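**Student:** Sequence:
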Amino acid sequence: MEKQEHAPLAPEPAYSDNAVMTVINLGRKNLLLAMGLAFGSLNRPEVSHYKIDPKHGMILFWDGQDKGIALPYKMNAYQATEFVWGWLEAKGPDVMTILGEEPDHDGSNSRGWKLITSDGFWKGHIGEYRYVECAVAPDWLMHGK
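Numbering of the sequence shown is given in this note's numbering, commencing with residue 2 and proceeding in unit increments.
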């Protein structure tokens, strides 16, 4: 069998407009790991604005052009994780509305979170918003029997 040649992996740093990800998990440590990946996949290591969206949760922007609320200072992945985690843990009405009813299935559920960098093909595009680093929303983790 003839060996096929493949394109080499891109040298780091290599940033792509379609490097999108979705992570559904639980815990602060896993959120930090996911935020590190999200922040590292674009050459913008800080966020400056945020917005609470009823569908997508807390959206973090690297630019305020989408009329997000200015953060008190630019936040890196670690600082933004702490900010988002505090919001998730507060279990305010916006968090509980986004979370919705516990799924009914043949198993159990636990409260976790979902991080996305896009709701389509292009990183940084979520719903009507642009200049997005990522969005984090509460979500249910479903466990089978």
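What the hints contain is simulated information worked out from the structure, not anything from laboratory work.
Misleading hints may appear alongside valid ones.
[Unchecked claim] Listed next, the in silico DSSO-like pairs over lysine-lysine satisfying Cα-Cα at most 30 Å (straight line): (1) K52 to K30; (2) K56 to K30; (3) K92 to K56.
Everything numeric in this text was worked out from a predicted model, so none of it was measured.
**Student:** Please verify whether K56 and K30 have alpha carbons no more than 30 Å apart.
**Tutor:** holds (24 Å)
**Student:** Can you confirm whether the C-alpha distance between K52 and K30 stays at or below 30 Å?
**Tutor:** holds (23 Å)
**Student:** Would you mind confirming whether the straight-line C-alpha gap from K92 to K56 stays at or under 30 Å?
**Tutor:** Holds. K92 to K56 sits at ~16 Å (cutoff 30 Å).
When held up to the earlier numbered hints, the structure conflicts with none and fits them all.
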